[in-house]
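2 protein chains.
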Amino acid sequence: MPAGTEPPALSVLRWAEPPEGPVLVLLDQTRLPVEEVELVCTDVPALVRAIQTLAVRGAPLLGIAGGYGVALAAARGYDVAEATGLLEQARPTAVNLGYGVRRVARVYWAALEKGLGADQAAGAALAEARVLHREDAAASGRMARHGLALLEELLPGGGHQLLTHCNSGALVSGGEGTAFAVALQAHRAGRLRRLWVDETRPLLQGARLTAYEAARNGMAYSLLTDNAAGSLFAAGEVDAVLIGADRIAADGSVANKVGSYPLAVLAKYHHVPFIVVAPVTTVDLTTADGQAITVEQRSGREVTEFTPPHAVSPDGAAGGLLVAPLGTPAYNPAFDITPPELITAIVTDEGVISPVTGVGLAELCARSSQVTIS
Amino acid sequence: MPAGTEPPALSVLRWAEPPEGPVLVLLDQTRLPVEEVELVCTDVPALVRAIQTLAVRGAPLLGIAGGYGVALAAARGYDVAEATGLLEQARPTAVNLGYGVRRVARVYWAALEKGLGADQAAGAALAEARVLHREDAAASGRMARHGLALLEELLPGGGHQLLTHCNSGALVSGGEGTAFAVALQAHRAGRLRRLWVDETRPLLQGARLTAYEAARNGMAYSLLTDNAAGSLFAAGEVDAVLIGADRIAADGSVANKVGSYPLAVLAKYHHVPFIVVAPVTTVDLTTADGQAITVEQRSGREVTEFTPPHAVSPDGAAGGLLVAPLGTPAYNPAFDITPPELITAIVTDEGVISPVTGVGLAELCARSSQVTIS
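Each protein sequence line maps, in turn, to chains A and B.
For the first sequence, position 373 matches number 476 in our numbering, and the numbering has no gaps at all.
For the second sequence, position 319 matches number 422 in our numbering, and the numbering has no gaps at all.
Source of the hints: derived by calculation from the structure; they are not laboratory data.
Incorrect hints may appear among the rest.
For chains that are exact copies, the list does not tell them apart, and a pair is met inside one copy or across any two.
[Stated by the list, open to error] Once the Cα atoms are required to be at most 25 Å apart in a straight line, the calculated DMTMM-like pairs of lysine to aspartate or glutamate come out as:
hint, residue 1, residue 2
1, K371, E256
2, K371, D146
3, K371, E444
4, K371, D222
5, K371, E340
6, K217, E138
The structure displayed is predicted, hence computed values, not measured ones.
Make the full structure from the sequences, and use the hints.
See below:
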């Protein structure tokens, strides 16, 4: 793609109001890159299903989807308290989901308390979801700028070879994403030599989604199996690792897609910066440390079967081709935890924390909430 | 499976002499675990194809297959020099392939030099291939015993949780294999609590082959994506790593299936023993160090496409389902190199080397050749 020519923004999630009533329209990420298909959610159980099958996924986007989910329940006259509970529980690890749900629900209940009618409260909820959506897009832009500045500082001269895991681009965000947005900013600044894309087993979000976004943006990229990253480090072909986060505990421990922790250990061993990029909303000061983070265990069928990118069912992998003997047990955590001592820096929309300490995180969160209040 | 009941030995490779002429019959490993299908090679190009598509694979078994390949060329009256060249070049990394080919070829040429006829020379070649086959089975038993003794020493008390990568069992050997044979020995001794099986992308030899062998032998095992091993280490659920080797350089650097090196780094970081199990024939004193080992780069289609376990073609992945955008470039080394400082011990049929040093390896090889000569 010629420099300066950017592809149209991806429509990953939008609110629509057809004559039959309001709906939340999602780009079905399980079908990418084979097909671009939209999924229309008319109620919260449908949205919960979309969240659990990973049709919609990625920490910041889950927050936005959760917020719109509450607005959808309110607009359609469903039980908002029940909807809130269902959405908060849909996936246990990503903190942003609960954040978005509770934030929009609070506005809804506050409107009712003020004596507004259900319609007006629903309107207030939708307005809040839209604010959250816009805020996330803006946060994404700030993370990209902070991240690029950090790369310039750590790796002066450009020509970066960056390694990323899972997907953290426009498909996880109201904007251009988290870790991927930093790599995209480096690409636009002419600083990116190559983006190494881990395929990210078992659900191949790297191969299916990050490669799709990299190709769409005309970036130089190469795909690899997760276990081939070691050879790249050993050959000196990785200048920095960039990943997103699903939850950041008070001590700076980061929960992210399984496979992040081994990259952090490899990066440490090879003296390569390991950089986490996430909005401040991903920090959860009520979770003390890594051990306190609940890690979602997913169906073993995601590992024992291979499911083509258009046949994922709610239990994770129906319609799959068996790749292991029938009855094979599998260990399939969705996330792993990287402790702060392995993380060079956490890049947020409110600035960079490096070294990563609990005090630094607490200060950043305090500053961020002041900004929001003022 | 009840203790003491062992499954019938796998017939992974056998020489047969039907009326149409001698053939080499291979269990087609690309179709496992879905189907147990035999592949009949009537000439060397067919065998080379089987080696390149990984229908027959695994360092020791490649040596045996190469030896029988020379015997097949001789028995069928083909050009033995040409066959030798084709077989030696079929895959560049495994040292055993060239060893087996050259050993049998030497016997063939020596017979001709002594004035024996072509038929007798062919008979001598076949006899030598059979000796190599039997020797490998015996070596496998010795490695299993040495390996179990080492585990007892490093981890007294049993209840081992062992992690393995790729496949190194009966499917790679004239006997029960290398690293897997040690785990099987631990299982038979009642010392194995669990075998963690890395799926081993891109070709899933762990999921397809090691899980198949573990299930067949009634072992307690669990399958995981390669990138989930980090979580197991962090949780203290790995007591030792056991892998095979495709080539061991003079300094103790080990080439093995891609994904071995990251496990070695994880093991080092978590103070877990990292043990390589391979016959002395895998040691190549003419390769000085890890940098001197040629690593085979395979087709990117193995990564960008998913190929079910019965549709692998000679270029690696035809008939696959696309899992990345069309045109996605991939980095796909078949092996990686683990340096000696990350290896706790190398277990061979002639004894254990620990710590791993060039001097120790050279002494072992010298002792081994004395044993052979005496």
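Here is how each hint holds up against the structure:
When the C-alpha separation of K371 and E256 is checked against a cutoff of 25 Å, the pair qualifies only within one copy, where the shortest distance is 18 Å, while the shortest distance between copies is 30 Å. When the C-alpha separation of K371 and D146 is checked against a cutoff of 25 Å, the pair qualifies neither within a copy, at 46 Å, nor between copies, at 50 Å. Within a single copy, K371 and E444 get their C-alpha atoms as close as 9 Å, and across copies as close as 16 Å, so both meet the 25 Å cut-off. Taking the closest pair of Cα atoms, K371 and D222 never come within 25 Å of each other, the shortest separation being 54 Å inside a single copy and 61 Å across copies.
Taking the shortest alpha-carbon separations for K371 and E340, both the intra-copy value of 15 Å and the inter-copy value of 22 Å come in at or below 25 Å. Taking CA atoms no more than 25 Å apart as the test, K217 paired with E138 passes in neither setting, with 46 Å inside one copy and 68 Å between copies.
Hint check: violations occur at hints 2, 4, 6; the rest are consistent with the structure.
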